[in-house]
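Q: The lines below spell out each chain.
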Amino acid sequence: MSRIASVFKPGHKALIAYLTVGYPDIETTYKVASVLADSGCDIIELGIPFSDPLADGVTIQRASYQALKQGTSRQTCLEVAGKLSQKLTMPLVFMTYYNPVFSFGLEAFCRAVAGAGVDGLIIPDLPVEEGSELEAITRKLNLDLIYLLAPTSTGERVSIVAEKSGGFIYLVSLTGVTGARKTLPAELEEFVRRVRKKATQPLCVGFGIANAEQARRVAKVADGIIVGSRLIQLIEEDGTLSSLKTFISSLRVALG
Amino acid sequence: MTASRRLPDGRGYFGQFGGMFVPETLMPALKELELAYAKAQADPDFQQQFQHLCRHYIGRPTPLYAAKQLSAKIGAATILLKREDLAHTGAHKINNALGQGLLAKRMGKKRVIAETGAGQHGVAVAAVCAMLGLKCIIYMGEEDIKRQSPNVFRIKLLGGEVRPVSSGSRTLKDAINETIRDWVSNVNDSYYLLGSVVGPYPYPMIVRNFQSIIGQETKEQILATYQRLPDYLIACVGGGSNAIGLFHPFFSQKSVKFIGVEAAGKGLATDKHAASLAVGKVGVLHGTKSYLLQDDNGQIMPTHSIAPGLDYPGVGPEHSYYKETGRATYVAVSDTQALEGFKLLSHTEGIIPALEPAHAIYYTAELAAGLPSDKLIVVNLSGRGDKDLDIVYQAEGREL
Numbered sequence: 000m001s002r003i004a005s006v007f008k009p010g011h012k013a014l015i016a017y018l019t020v021g022y023p024d025i026e027t028t029y030k031v032a033s034v035l036a037d038s039g040c041d042i043i044e045l046g047i048p049f050s051d052p053l054a055d056g057v058t059i060q061r062a063s064y065q066a067l068k069q070g071t072s073r074q075t076c077l078e079v080a081g082k083l084s085q086k087l088t089m090p091l092v093f094m095t096y097y098n099p100v101f102s103f104g105l106e107a108f109c110r111a112v113a114g115a116g117v118d119g120l121i122i123p124d125l126p127v128e129e130g131s132e133l134e135a136i137t138r139k140l141n142l143d144l145i146y147l148l149a150p151t152s153t154g155e156r157v158s159i160v161a162e163k164s165g166g167f168i169y170l171v172s173l174t175g176v177t178g179a180r181k182t183l184p185a186e187l188e189e190f191v192r193r194v195r196k197k198a199t200q201p202l203c204v205g206f207g208i209a210n211a212e213q214a215r216r217v218a219k220v221a222d223g224i225i226v227g228s229r230l231i232q233l234i235e236e237d238g239t240l241s242s243l244k245t246f247i248s249s250l251r252v253a254l255g
Numbered sequence: 000m001t002a003s004r005r006l007p008d009g010r011g012y013f014g015q016f017g018g019m020f021v022p023e024t025l026m027p028a029l030k031e032l033e034l035a036y037a038k039a040q041a042d043p044d045f046q047q048q049f050q051h052l053c054r055h056y057i058g059r060p061t062p063l064y065a066a067k068q069l070s071a072k073i074g075a076a077t078i079l080l081k082r083e084d085l086a087h088t089g090a091h092k093i094n095n096a097l098g099q100g101l102l103a104k105r106m107g108k109k110r111v112i113a114e115t116g117a118g119q120h121g122v123a124v125a126a127v128c129a130m131l132g133l134k135c136i137i138y139m140g141e142e143d144i145k146r147q148s149p150n151v152f153r154i155k156l157l158g159g160e161v162r163p164v165s166s167g168s169r170t171l172k173d174a175i176n177e178t179i180r181d182w183v184s185n186v187n188d189s190y191y192l193l194g195s196v197v198g199p200y201p202y203p204m205i206v207r208n209f210q211s212i213i214g215q216e217t218k219e220q221i222l223a224t225y226q227r228l229p230d231y232l233i234a235c236v237g238g239g240s241n242a243i244g245l246f247h248p249f250f251s252q253k254s255v256k257f258i259g260v261e262a263a264g265k266g267l268a269t270d271k272h273a274a275s276l277a278v279g280k281v282g283v284l285h286g287t288k289s290y291l292l293q294d295d296n297g298q299i300m301p302t303h304s305i306a307p308g309l310d311y312p313g314v315g316p317e318h319s320y321y322k323e324t325g326r327a328t329y330v331a332v333s334d335t336q337a338l339e340g341f342k343l344l345s346h347t348e349g350i351i352p353a354l355e356p357a358h359a360i361y362y363t364a365e366l367a368a369g370l371p372s373d374k375l376i377v378v379n380l381s382g383r384g385d386k387d388l389d390i391v392y393q394a395e396g397r398e399l
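Chains as they are written, first to last, in numbering that gives the first Met the number 0: chain A, 0 to 255; chain B, 0 to 399.
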């Protein structure tokens, strides 16, 4: 069982937190990671910033733009991950777009990722149709290639992803881009159940989750939640990170 | 069936280029589009409707004009202009906008979204949406809104809504990002009417096929008048739709040489150009694998061209395939040279070209000077220059 899969235990709902590496700066990235680890997160998703993040809403777009402006490179992200994996016991996952991976060279990138102690990859513009080469490489290196499913995914697509996704399946809660939302779609439970019928992997829901009440609702049907944009907003609002800490703790409580 | 007609393959690839690199949310919509297009293509009623409107709405066939004064000035080969500037709304963009507009209507979509760079695609989409009774939203970079203001006004007059894009370089690339984000959010009721041979499969194929009417007409016209095929086909390349439209029907006629002209901006040695085929590396942007202007970290680089329609860091995957297989040659022409081409055609033929095909005109004049007089060159005059008067005035001032 992979380190990511081992996070999911009966009765325990996973809390997965996203942060853009290098936003607002590298020093803050380390501090935020410590706060996340100390307040009950199970997996940290490290975002390697990309110039054209087309699945992301304004919050992560802005964070990515600023991080790149600060000179955050792939190498920076690998170094940050390397240090965090030494310090923390929890699994780490990289989230980035396909071009930064492709231009590094798929195999070289995966070797560097594994070398940095990272456990998996999430690539939102890589559907299963285009993933076979990366799947073979990640399998060889014991990395989890985590695929996404969306409310628009057909039954046939759910089956294919259920066959291929490593670690867990990332369920996109809504038809849209990332970003904090006041409400989640009414069809969310039905979507999760629909995937559950075909998948044996844990199911984690992300996109839009911005408060404890939403987390509680999702936890009733899914195995974990992924939060991102709301965390970035809190880092922007309160540089002492105490709001972030309070928020993460409230999610942990809500997840039970 | 020619070899190129069989491309893209079943996975949407032209050799190693193309594919479908998009968020999962859009995959079902792309499959739906592929299916709907295949049905429309096989339906004689759809084809007839398209042909009818090409004739009566767009004003096709556009002339193949012998530019005798231009040829005489250069004193060499015969230059023929495919007059897409005379098509309704002033550029070749209308061919694809009409085809996909009809497809959107047939699919029961009520809301059409599109990106635009120079504004020509935006104007074409707005016109077609007005005619078909579809809601129309156009994303346009703030930088392009500033430099192509006549087209912004035209889109609005045609009932389209222009949404300014302020992210990134605020040009075509960012307008495409924003249109994709809109599509991800409204995929159930919206049709994304992509304007060039870029993006995920099936767009590069659909846009190519609708634009192929340019090359098909050219072939008929040149055979009727000169009883032979041309020696050269020349077109400017940003995303590459006017070039593919001209080239593709001649794919199997190997004696016909294809030359694509990219924007060298302020020079290929600077970082202010848009020549992705000339100096880019293979990568993935906007859903497709193709040549790209990117840095060593795989980040997309800012581009520059005096012609907003060429100001894009990627290029259609079929062009990358043509480059790799040697079927086409790609060259680059600078801002200053494009302005020379702009003036040359205006003075010799009384035709003001858009700045995009002005790149192709300049290269044609260079090439023709060294060719014997029995050679036939067809240049795609993909659009007219009214939209560019401001830019040219800024660049040339009173000296013009």
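Each hint should be verified, as a subset may be incorrect.
As the list claims (entries may be wrong) - Think about it this way: if two alpha-carbon atoms lie no more than 35 Å apart in a straight line, the pair counts; the simulated DSBU-like pairs of lysine-lysine are:
| no. | chain 1 | residue 1 | chain 2 | residue 2 |
| --- | --- | --- | --- | --- |
| 1 | A | K163 | B | K30 |
| 2 | B | K280 | A | K163 |
| 3 | A | K68 | B | K322 |
| 4 | B | K134 | A | K181 |
| 5 | A | K163 | A | K139 |
| 6 | A | K197 | B | K38 |
| 7 | B | K322 | A | K181 |
| 8 | B | K30 | A | K139 |
| 9 | B | K30 | A | K219 |
| 10 | A | K68 | B | K271 |
| 11 | B | K280 | A | K197 |
| 12 | B | K155 | A | K181 |
| 13 | B | K108 | A | K139 |
| 14 | B | K30 | A | K196 |
| 15 | B | K38 | A | K163 |
| 16 | B | K108 | A | K68 |
| 17 | A | K197 | B | K322 |
As the list claims (entries may be wrong) - Some residues of chain A that are not near chain B, with every Cβ distance over 10 Å (derived):
| no. | residue |
| --- | --- |
| 18 | S33 |
| 19 | G39 |
| 20 | T151 |
| 21 | V160 |
| 22 | A179 |
Claimed, not checked - If you want a taste of the chain B side facing chain A, the calculated C-beta under 8 Å gives, among others:
| no. | residue |
| --- | --- |
| 23 | R10 |
| 24 | Q15 |
| 25 | M19 |
| 26 | F20 |
| 27 | P22 |
| 28 | P27 |
| 29 | I179 |
| 30 | Q226 |
| 31 | R227 |
| 32 | A368 |
| 33 | L370 |
| 34 | S372 |
Keep in mind the hints are simulated off the structure, nothing from the lab. For every residue, glycine included, the Cβ atom is placed at its ideal position computed from N, Cα and C.
Q: Which hints, by number, does the structure contradict?
A: 7, 11, 13, 16, 17, 20, 21, 24, 30, 31, 32, 33 and 34
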